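Enquirer: Sequence:
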Amino acid sequence: MVKKTSKRNARSFTDCFKLRRTPLQRRPARTIVTRSQSHVRGGLFRRLPSELFDMILDQMSVRDLSIFSMVSKEVNGQVRAYISTLAWRKRMMNENFHHFVSFKQTFITLIAGWDRLECHRVFNFLCELTHLLKNIEAVLSERPGLKRYQERQIRLYCRHVLLDCWPNQPVKKFWLNLLLNPWPLVSQARLLFILYGPSCPDGTLNWHSLVEMELPRRSLWEVANAIHLLFGDTDLEDQSNQSMLTILEELIVVPQQWHVDNVARLLVLCESSLCYNILASKAINGRLFEVSRLLVHIVLVCEEDNYHVSWAVKLVHRIYNLLRTAAEKFRFIQQLESMFSMVTMEMLEFSVTGNNVGDRETLQSLHFFLNSTARFHAKLLQMFVR
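Numbering follows our numbering, in which position 18 of the sequence shown is assigned residue number 18; successive positions increment by one, without gaps.
Because the hints were derived from the structure by calculation, they are not lab data. The model shown is predicted, which means the values in this text are computed figures rather than measured ones. Some clues are possibly wrong.
Said to hold, decoys possible - BS3-like, lysine-lysine: derived pairs with alpha carbons at most 27 Å apart:
{"hint": "1", "residue 1": "134", "residue 2": "73"}
{"hint": "2", "residue 1": "329", "residue 2": "314"}
{"hint": "3", "residue 1": "329", "residue 2": "379"}
{"hint": "4", "residue 1": "329", "residue 2": "282"}
{"hint": "5", "residue 1": "282", "residue 2": "314"}
{"hint": "6", "residue 1": "172", "residue 2": "134"}
{"hint": "7", "residue 1": "134", "residue 2": "147"}
Using the sequences and the hints, build the whole thing.
Expert: Take a look at the structure:
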């Protein structure tokens, strides 16, 4: 009897213990997630119904969304899924999508630290969202300047959102290549002009200024920087050097053949290695007349823009050494000297016959040219005597 009683008492004690622990096991879930618990599958935000989570995101500004996406990899993925929805697209369209500053902040923050493949996907998404490639195609299929407003919009969007926000040059080059690569080289040259060519005070592109007159250095600075960014590290024997030449050849005839001084100034701004690659490629292909004319005007640009003429002399010397035979070298120097005489006569005839711009400006150009010619030949003779 005693044993049975103790057994019953022991069983009752255990049952009572279980009953007392049951309420403790069913306490409400914590609302604070520790670092160790954050790795549990699902996470805190996944416990929310998707409709409620989307409602929260709907109330966030563009900047808040970009910051919120940095909380964790899971949240980043949920924000990316949200901005891929039709509701987000309609919201952006309703809020006027070309508020570039806000979108640029989101764009930079959202893709911070992503690899190139992920950035390429973002680019494809942006193109789909904004119809960017279709808009570019529509502009490139028309005559330059015919769709001035659309050209301006493409320039503003691409520069403010995709290009100018990157202080890191390799990253900027990556995004510029993404914009250029879908198009043939001829169209790439024209798109480069749309993005970086000289503009009018109202922001539209000044297509014909490069054809009709000599422009100052600041008007060509951005185009030269873009070319240097794309091809500044190429060698003369590199395959991409041919692409550079093709793009440049197409660029300087948009919309018509540029004023020769603008071409020379662009080459000077592209810096010595790139300028040499362009002129050397022409010289190798037997285009000595064209090379000589460009060199003469490069000497003039150096004088006008206060560059040392010794830079042009070294350029001539490198091209001279590039040529293989003595006959080719002699023909190059002969062609160069003949070009100096030809350009001098052109300026004299222009000043004698008079022009619409004014005789004083013509005489000043002639003065610059004669001074630059004297300096150039003095340095050239000094180099060969050594």
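Enquirer: Now look at each hint and say whether the structure bears it out.
Expert: Okay, the hints, checked on the actual structure:
Simply put, residue 134 and residue 73 have alpha-carbon atoms about 33 Å apart, too far for the 27 Å limit, and the pair is violated. This hinted pair checks out: residue 329 and residue 314 have alpha carbons roughly 15 Å apart, not beyond 27 Å. Taken as a hint, the residue 329 and residue 379 pair is honoured in the structure, with Cα atoms around 18 Å apart against an allowance of 27 Å. Pair hint residue 329 plus residue 282 holds up; C-alpha atoms about 14 Å apart against a cutoff of 27 Å.
For a cut-off of 27 Å, the pair hint linking residue 282 to residue 314 stands: about 17 Å separates their Cα positions. Note on residue 172 and residue 134: the hinted pairing holds, with a Cα-Cα distance of about 22 Å set against a maximum of 27 Å. Pair hint residue 134 plus residue 147 holds up; C-alpha atoms about 14 Å apart against a cutoff of 27 Å.
Taken one by one, the earlier hints fail for this structure only at number 1.
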